[in-house]
Amino acid sequence: MNDFFQPFGMTMTNGLKKMLNPDDLEYLSFDQAASICCISEERFAKWIEKGLVPVIDVKGKQLIRSHDLIQHLVRHNIRIPDRLLQGNIKKILFILMQTEIPPAMTSKIIWALYRIKQQPSYIFDFIEFDATTELKIITFDPDVIFLLQQEADSQAAEQSISKMLGKNIPIHSFSVEREIDLDALLAD
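Residue 16 is where the sequence shown starts when you use this note's numbering, and the numbers rise one by one after that.
Treat the hints loosely; a few may be bogus.
Unchecked claim - DEER-style ranges, computed between Cβ atoms:
id, residue 1, residue 2, range
1, E56, I184, 32 to 38 Å
2, K123, I71, 32 to 38 Å
3, H82, R58, 19 to 25 Å
4, S190, D46, 45 to 51 Å
To be verified - When the alpha-carbon atoms are kept at most 27 Å apart in a straight line, the in silico DSSO-like pairs for lysine-lysine are as follows:
id, residue 1, residue 2
5, K132, K65
6, K151, K106
7, K151, K61
8, K178, K151
Derived by calculation from the structure, the hints in this document are not laboratory data.
From the three backbone atoms N, C-alpha and C, an ideal C-beta is built for every residue, glycine too.
Please take these sequences and the hints and turn them into a complete structure.
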């Protein structure tokens, strides 16, 4: 316990009690998860109480799966700490530049996203282009962006997104009218 806080009846955890290697991060205790996310244990407990992060029981201990914690962070536009990103995980942001997608393309996108979700090497989010797009780009910090749009809007949309980035990352534009092979693109 930090001696400074002791008279106030408070404890302060500013790091993990031991160094974690990537294999240790599959399941996290509440204090480990709070520490990795740089939040207080009290705030993390509130996330648990509200049901925002699922808790599982492993051999009598209540733990958090790192994947569930990552999904919570993505949903709430909270930056994913590098310590949670094990190995060569690629963060992919899909941005829908228009509100309607032809049904055939919608089905293909859903199945492609389902296949991606099954692979632990990808974290993705799917958003509509709006006033919060820049916030999502900043907090999600994607490794690659896929724009789904009408063919005519391609250049303007890519330039708009590029201005928000602050760094050079690949942006791929696709027409919602044509079939795309996401699996092949992600293999690059």
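Hint check results:
| no. | hint | verdict |
| --- | --- | --- |
| 1 | E56 x I184: 32 to 38 Å | holds, 34 Å |
| 2 | K123 x I71: 32 to 38 Å | holds, 33 Å |
| 3 | H82 x R58: 19 to 25 Å | holds, 20 Å |
| 4 | S190 x D46: 45 to 51 Å | holds, 48 Å |
| 5 | K132 x K65 | holds, 25 Å |
| 6 | K151 x K106 | holds, 12 Å |
| 7 | K151 x K61 | holds, 23 Å |
| 8 | K178 x K151 | holds, 14 Å |
Violated hints: none; the structure is consistent with every hint.
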